[in-house]
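Put chain B on the given structure of chain A with help from the hints.
2 protein chains.
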Amino acid sequence: MSEIRQDPVVGRWVIVATDRARRPNEFANSVAAPPEPETDPFAEGNERLTPPEIQAVRAPGSRANGPGWKARVVPNRFPVLRIEGALEKEGEGLYDRISGTGAHEVVIETPVRGQELEDLPLDHIAAVIGLWRARMTDLLKDARFRYLLVFKNRGWQAGATLSHSHSQIIALPVTPMAVKQKLAGAQAYYERKERNIFADILRQELKDGRRIVYQNGAFVAFCPYAARFPFEICVMPRRQCADFYRIGDQELLPFADALKACLLRLRVGLDRPQYNVILHTAPARHPKRDYWSTLDQDFRWHLEITPRLTQIAGFEMGTGFYVNPVMPEEAAQFLKEVEA
Amino acid sequence: MSEIRQDPVVGRWVIVATDRARRPNEFANSVAAPPEPETDPFAEGNERLTPPEIQAVRAPGSRANGPGWKARVVPNRFPVLRIEGALEKEGEGLYDRISGTGAHEVVIETPVRGQELEDLPLDHIAAVIGLWRARMTDLLKDARFRYLLVFKNRGWQAGATLSHSHSQIIALPVTPMAVKQKLAGAQAYYERKERNIFADILRQELKDGRRIVYQNGAFVAFCPYAARFPFEICVMPRRQCADFYRIGDQELLPFADALKACLLRLRVGLDRPQYNVILHTAPARHPKRDYWSTLDQDFRWHLEITPRLTQIAGFEMGTGFYVNPVMPEEAAQFLKEVEA
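Those sequence lines, one after another, are chains A and B.
Terminal number for the first sequence in our numbering: 340, no gaps in between.
Terminal number for the second sequence in our numbering: 340, no gaps in between.
Looking at chain A on its own, in the form it has when it is part of the complex:
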């Protein structure tokens, strides 16, 4: 059973998830070998190796937990949080903890081992994005959950423990500090200027042009002005919307197109880098609470792609500063010119 502990000084949350614990001598920093075809739990035909599926995009007539699928959502076999049980909050002297209640799901993006998200046709990527949307819409019905994070780890240094292409969804019983800071920044800007900061960023990026990597009718991809990582990319919708789960049907293919264009450019230009994909969206807003009631004006959902070419070292950990050795303008120029 896991528990969520809060740092008493800075308020940062930590999930202590001992179900995933290894013995001290099992922390060797070795790269996990790609699974053999017969033991890959995410390959078609091996559906028995995962917990029963929650949802899937399937061929007509195929049966749940059997072959015939394009993408599948299953519970994480080693979840950091568990869906069972009431939320319990408890103090211990000056410390605070919460029971490890939440959800942790895996979106298997393709039945084919070795195929990456960016290899898939646009309608298949759009189907994966549709599964993110569907799972978020469903999980938001659970009033215990305050924040839902969709993310993807590619490569072991980016945190992936399985090489078969997948993304993950975690539902949290508290709103993370990093999310609150982002929302507070956006709200403060709106209060001062009565303008949405993401709209202003997009306007300035399009006018300037030097940091644009790719754009289509509904999305713009650019290297952020204060990018933390070399070749970091932000994908921003042109349409104002705080919640990713309210992405329109007509936006799914353009979003898939922008995502594919960025991932292909990174792969070709940087020789298959390890990376993370992080979806930033507004927290759950239950009608009975009026937290974040202005987010529809203040905030806009967006996606970050962060190649992991540099290490997070003592300086970053001690200050929250990042050191980026590549000017975002040069990174964007390089990625724009990659033939992908």
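Think of the hints as simulated: they come from the structure by calculation, not from any bench.
Watch out, some of these pointers could steer you wrong.
No copy labels: a pair is met if it fits in one copy or bridges any two.
To be verified - In silico EDC-like links for lysine to aspartate or glutamate, alpha-carbon gap of 20 Å or less: (1) K182 with D96; (2) K180 with D7; (3) K336 with D208; (4) K141 with E53; (5) K336 with E118; (6) K180 with D19; (7) K89 with D142; (8) K141 with D40.
Computed from a predicted model, the values in this text were never measured in an experiment.
Relative to chain A, chain B alone:
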């Protein structure tokens, strides 16, 4: 020339340090080979391979930039910030940047290649700590600098690019957000309770005992209640003092003793893990500003040792949450029993 850019939404700072830039195809994630004896810039006899030394602990009669030293401080050859030039602040539309003014120094901890900090005798470690103190005391005279960070990266995943044992000092022209959050948390606690939160933490840890790793007359080492990393250790002075640079002469040997005890236990127990060491201290407080005027009551300097056995993945990056697979109580018990 580097510049410091601020994220317009969350206020996070990023140093874009292009002097350290590599071409896109040079970001291969390869482990740097340990240098050969004749090319190790930090080895005795190779002093000509570093910039001229700023300070050193030397045998009587030995000459600067020649052999005969125990520990040496030199400017970083690839600094993230440069000492030259006035601080310039500039806007660009809604973005903000500062010139890359600061200092970046390297403390070479031993003349002997392959020797680690924890291998050194206590008086040698105390001499290294004395150099940290001396450099901070000196850099604090420069009114451009707001925050000084002492840190150490051990192993390439922890950010080390040279394997010869060393630590680093960076002087920053702004107070980092992560530091401000820590100070604000400590101040809020004091306002509420009129007690120092670090004193309260120490009292609770000593009374509870389950998370204590090591202690002597002046320092206590424990695994924090909400440790982000497995086997993370905090070393806290028993004496209330906000600024590390005001550590007393009589505290140098006990601090060296606690640091050595922790590093040896990690090395033996976890088979030479990669790790970071981070010194948390109060920011520069110039007489003309009254920022942080209550820190002497609120804050206490301390040191964090964070083994890097797990990866920082999309979930951590998207939320600021951490996932720790080992209960801090079990980590402390394990480390306490290591025969080191």
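The hints, checked one at a time:
Taking the shortest Cα distances, K182 and D96 sit within 20 Å of each other only across copies (17 Å), while inside one copy they are farther apart (24 Å). Taking identical chains as interchangeable, the C-alpha atoms of K180 and D7 lie at most 20 Å apart whether they share a chain (16 Å) or sit on different chains (15 Å). Within a single copy, K336 and D208 get their C-alpha atoms as close as 15 Å, which meets the 20 Å cut-off; across copies the closest is 57 Å, which misses it. Taking identical chains as interchangeable, the C-alpha atoms of K141 and E53 lie at most 20 Å apart only when both belong to the same chain, with a minimum of 19 Å there against 63 Å between chains.
For a Cα distance limit of 20 Å, the shortest separation of K336 from E118 inside one copy, 17 Å, qualifies, whereas the shortest one across copies, 48 Å, does not. For the homomeric pair K180 and D19, neither the shortest alpha-carbon distance inside one copy (28 Å) nor that between copies (34 Å) is at most 20 Å. Taking CA atoms no more than 20 Å apart as the test, K89 paired with D142 passes inside one copy only; the shortest distance there is 18 Å, against 47 Å between copies. Within a single copy, K141 and D40 get their C-alpha atoms no closer than 32 Å, and across copies no closer than 60 Å, so neither meets the 20 Å cut-off.
In summary, the structure is inconsistent with hints 6 and 8 from the numbered list given earlier, while agreeing with the others.
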